[in-house]
Every structure is written in C-alpha cells, then in structure tokens.
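Enquirer: As a plain string of letters, each chain reads:
Number of protein chains: 2
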Amino acid sequence: MREQKGILTVVSGFSGSGKGTIMKRLLERYPKEYALSVSATTRQPRPGEVHGREYFFVSAEEFEDMIARGDLIEYARYVENYYGTPRAYVEEQLLAGRNVILEIEIQGALKVKEVLPDTLLLFVTPPSAQELRARLEGRGTESPQVIEARLRRAAEEGQGVEQYEYLVVNDELEECVTLVHQIIQCEHSRMARCRNQINEINKELSSFVKQS
Amino acid sequence: MREQKGILTVVSGFSGSGKGTIMKRLLERYPKEYALSVSATTRQPRPGEVHGREYFFVSAEEFEDMIARGDLIEYARYVENYYGTPRAYVEEQLLAGRNVILEIEIQGALKVKEVLPDTLLLFVTPPSAQELRARLEGRGTESPQVIEARLRRAAEEGQGVEQYEYLVVNDELEECVTLVHQIIQCEHSRMARCRNQINEINKELSSFVKQS
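Chains E and F, in that order, give the protein sequences.
For the first sequence, the numbering used here begins at 847 and goes up steadily by one.
For the second sequence, the numbering used here begins at 847 and goes up steadily by one.
For the record, the hints were derived by calculation from the structure and aren't laboratory data.
Because identical chains share one entry, a pair is satisfied inside a single copy or across any pair of copies.
The calculated DMTMM-like cross-link candidates involving lysine to aspartate or glutamate, where the alpha carbons are at most 20 Å apart (straight line), are:
id, residue 1, residue 2
1, K1049, E1002
2, K959, E938
3, K1049, E977
4, K957, E1002
5, K1056, E994
6, K1056, E977
7, K1049, E1008
Let's have the full structure, built from the sequences with the hints guiding it.
Expert: What follows is the structure, given as structure tokens:
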C-alpha cells in the first residue's frame, strides 16, 4: 500500500535527553525501516570509534572536495574540525523507502530542513528541567565547573526549539522509542506527503463521472 | 505525564470510505480517550435514530436561538434543515483531556478550523478510485442513475481535500483504526501543542545557570 519515499528525520535534543539511546533502540527494534545517517568529519577517531559507524573519518582535503562537489547536505566547522552530512547515502535510502535518522544540533537541523523541506524535525527532552539537571549532575562525581558548563550548554540547546515539529518527552525509554516510531509512521499519512495519491484518486473519480 | 487538553479531530471523507465505521470502532476500542461530538439538527429523526446519539433534534426556533447565543462552533443549512456543532459539549470534553471526534463535510470542517485553529483535519479514502467505485456500486442492485449520483458526489467530496492535514487510507478496518488513534496520539507531541511545556523547561534551565 505504501509506495512512498522514506522520511528523513533529524533528531536533536538536550545533552542528557537520551536521544542517542532512543535512536539506537529504534534501529534495533525496526532494523528494516530505519537507516542511520553517518556524518563525515575531519576530527581524529577516538578509541573504539569505527570508520563508517560513528563517523566517516576523512582528511580536510577530502572534506573540502566533498563541499566543492555538493556532496554534503549540510556541514559546519567546530573549533578546528569539519562535520557534515553526506548526501548520497541519505538519498539512496529514502528512495528505497527507508526512513533515515540523522542526529545533529539545531543549526545543522535547520540547514537540512532548508535544503530538504520534507525533513521532519524532532526534539528530545527529559520530562522537566529538574530531571535534566539530575541527569547532567550524574553520580555527583563531576566538579561544579563541569556541571555548570553542562547546564549552560543545555540552556543554549533549548534555544530555537520552537522550530522543531515535535517535542518528544523521554520519560520511559521503550515508550519513547514507540512514540518516535509512531510519529514517523504517522507522518507518512500527512497530506503534504500524499498529494500524488489523492490527486490520482480525484483524477480517476472525475473520469468516471465524465464517462457516465 | 500528559496534562494537555484533548484534541478536536474533524473526520471527513468520501461516502463509501468507511469513516463512520472507523469512528465507531475507535470509540469502542478506546472509550476513555475519545468522545463523539453530536450535531444538532432541525430535520426529523429517521426510524431508529435517538436524540443525543445520532443528533440532537431541535426545532428551527431552538436552532436559531443557539445561533444567536453563539452556542454553535459551526452550522449550515442544507435544503430545508439546519445542522450544527454545539460548542459546550466539545469544550467540556477537551478541557477534561478527552479527544473529541466530529464527522462533518469539508465546508463545516474548514469553518471549525477557522474558529478553533488547533483542530486536526483527517480525510478518509479507500485505497483507490476503483475501490471506491466498487463500494459505491455495492451489490449491483442500484440503478445506474443512483450510482452515477454517488460517483458525482464522491468527485465533489474530493475537492478541497488538500486542506486536510492527514490522508487516512482505509484498506483494512482495524489497521486503519489503529492509524487514526496513533495520528491523534502523536499530535499531542506536536511542538505547537507543547509550547507551555518546553517554555517552562527553558525558563527553569536559564534560572539554574543564573544561580550557579
């Protein structure tokens, strides 16, 4: 019944919102329906990171070639490194009908939405600021400076959130994964994504009336 | 966790789309989450129709009083009768956190959306025009004139459908009921409906940073 393209979903959220875990579980639970977009970066791999899994690790020259060829949907430079979203993989997966998930922060999310307006923007939050603070404070082993820096970052991350289309409250993980899955499923029924189907039906209905 | 108001959902669709059956099943399956809005009308009850179930049957004078008092969200006059949506019941149910379902045609749907912009508009269709035609032709016992009139009506019903927010394809009934339920559930996570919650979190986060 569904012959639609997949939906590109950008997931952002507060540090400590658990967005990484949600996406991991989403892919574990529905491996055929989702693909994770892997970013390219010029930063060095950290221990345990695998090329093509956490990131595509490329040289600055390779990255700049990708920019020049238009191979990136969006990219940004943080401190001394580039980060970007390769276009080819995302487009292939969407055409194959798989939903692609992309985890990036807000500036990147809005750039993606500009380039690909059908992109769905989700923002993940803990149920309350108190809960977020408790998560950021962790087991109380961090210095006050580290905790303050985290809170400051969270306060920044919340800016511009009104430009997202859904607010996903991560209270209980598995329920939250189900919600994210259902949001993406239901988005397939959004009128804006079904125009061809309904135009087809309307056209055929008119032809019945003209014939009769 | 959810302290939101309910969502008013207007369901329209082609005659023969099965929208009435979908709503009936939705209320049977989730009786606590949904309430059906009952329209007021000045037309005579048909055999088997119950006051307060199919319609509130009122006199023309009573109906005109309701209009004058602003008691109707929308109303229209067809042939010689008035039809309208009483406001009080809808608002009570929404405030109590129940989702209200309202089955009306497109002109009424758009009026409701104008008065209550948070209203969700769903349009129900069979999977194809061929399938719709087959359903309208029924068991082949109707005259060609009746079938043509039905097709003509369906062709009209499809006009303006792009103003709805979701297109619900009714292929298998129970799946379709699940989809409608999930669409309404997921709509509760729409950013536009969560502004208070996220503003609260952002405000509290800022206060943490100022304190520290």
